[in-house]
Amino acid sequence: MNTRVTRSSRFSNGALAVLALLVVVLLTAPWWAGRAELRLFGEIYLYLSLACLWNLMAGYAGLVSVGQQAYVGFGGYMLFALTIYAGIHPVAAIIAGGLLAAAISIPVATLIFRLNGAYFAIGTWVVAEVFRLSFAQVSALGGGSGSSLPVAIVKSLADSRSARESLSYYLAIGSLILVFAAIYFLLRSNRGIALTAIRDNESAAAELGVNVWRTKLEIYVVTSALTAIIGGLIFLQKLRISPEAAFSVNDWTAFVIFIVVIGGIGTLEGPIIGTIIFFLLRETLADFGTTYLMILGLVAIIVMIKAPKGLWGLISQRYDLEIFPLRYRVQQSATTEQG
Amino acid sequence: MTEWLNAIVQGVLLGGLYALFAAGLSLIFGVMRLVNIAHGDLIVLAAYMALTTVMVMGVHPLLALLVVIPLMSIVGYILQRLLLNQTLGNDILPPLLVTFGLSVILQNMLLEAYTADPQKLNGGAIETASVSAGNLSIGILPLLTFVIAVLVIVCLQWIFYNTALGRQFRAVSDNQDIAQLMGLNKGHVFGLALALSLAVCGIAGVLLGMRTSFDPSIGSGRLIFAFEAVIIGGLGSLWGTLAGGIVLGVAQTVGGKINPGWQLLAGHIVFLLVLAVRPRGFFPRVEH
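Heads up: the protein sequence lines correspond to chains A and B, in order.
Heads up: the first sequence begins at 1 in my numbering, then just goes up one per residue.
Heads up: the second sequence begins at 340 in my numbering, then just goes up one per residue.
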């Protein structure tokens, strides 16, 4: 019988083409979108990036962290520290923040990897608290009350306000594309197969020769670095930082977890669906404040119990669909079907 | 010198409160391997329950325990039977994320009901009373908290090793399926375990509310202290949990004595040091 093994399907090819078109349209947004929309879009891209990164850790490497705010805040603070005291360009400072986060995440990982499962989760939270309390002690960065990015540094990005806003938009969409492409190609590589094996059964993966500890460490370090870069961009948008805002568990972890869980954990498509739902809910229910958060928590609980693979899991199971082709599938070629 | 000794004594007594935070967390982990992220928020919920009881019935906060403990137990049993039992299995993700969602819901419910204003349970004369030992002056309330913590642990230890309920807890902890075959309803046993855990949270919440002011956002901090005490003490050991609470309490008060900004930081750093040097804690339960 004439069969072939492929990853892509007709649906995924079509969906990817539509998505590529959408990205091109979004790239032109500074010409047609208003100031508020541009800002909202930027925020969406940054949240989606955080969600993809958290999903890579929790959904694929089995590292469920509730302490990713440690790296968001770290990246933000590095932006402020390096631009104010080392005088480097904000974009360079954000990238340097990512590298420093990678360096600091290695000793952190060797400590908290000693904790298993849920205890690992709370361990990451402790680390985030240590970061928050430590930065609150640094009086040069405003201590507990925080500080603002000096006007001269903001002006060094671009002279006019609209140019700065476009730049900030491009940095956000650029980093989203970077993060997404990095995860996509990582998951399609051999390492991705190892990761998927760990996700499905950790001890079986170890038996088959996957170095589980090392693979997890690599994921943790890469995720930390990229999370810090996103953190730098978030606070480049905000222009003001304080320990409470930088290391907020609600803003940078709870929302992100809800996005991934509702959309579908352990899938590439899930975070996208989750982010769309999250922002739709937020834009309609934001006036309700606490009610909005309760609804979000409730939806996440219901999804986790009734559909643990999230909304995308429901769709893809029902129709056997994948937008981003990761799985191999056997296809019979058209000629054999006729013969 | 006396100042330092004083800081250490205060830390030991504070450790009693942390042991109360931790005992409930340790208990349900032991019985069903569940780590309850909403644990701290449930302690805060208990404090608010006591606040309402005190306001409605006009009683002393310690008497409010008679209302809070049964109420919290009922909440625990229902929560376990209706929600958390559905999340238990080999995958650690569902219980983790469901209790995380629960934590966010609880926090915002309390915010909605009681606003963000700090509240306090008024314990009256007991709050300021103290006994002196040599140069030291020891507050009655911290002392009472410590004694209650020891009693609670003695009690839990007794339940675990000397009662039919404790035998059921140990049976489902060792092997859920075989316990089920022996005629236990594990859903019910788990319900009782969370009821007991939240009863301890009830006691912890009232003592917390008398000691300091509280608001809906402080739950996650209490969860972290509880968790640190459990890990420092060693998983699965209740007396270890008390020791862990004391280590954490002393680290915080001594750290705070050196520099007020270091109080919480010192506790976290001691925890990370223990993790580096003795990752299984000081008194881990012997694996069999």
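It cannot be assumed that every hint is accurate.
[To be verified] So the derived list for chain B, only partly shown, Cβ under 8 Å to chain A, looks like this:
no.	residue
1	L432
2	E451
3	V486
4	V609
5	F610
Keep in mind that the hints were calculated from the coordinates and are not lab data.
A virtual CB, placed ideally from N, CA and C, is assigned to each residue, including glycine.
Contradicted hints - numbers only:
3 and 4
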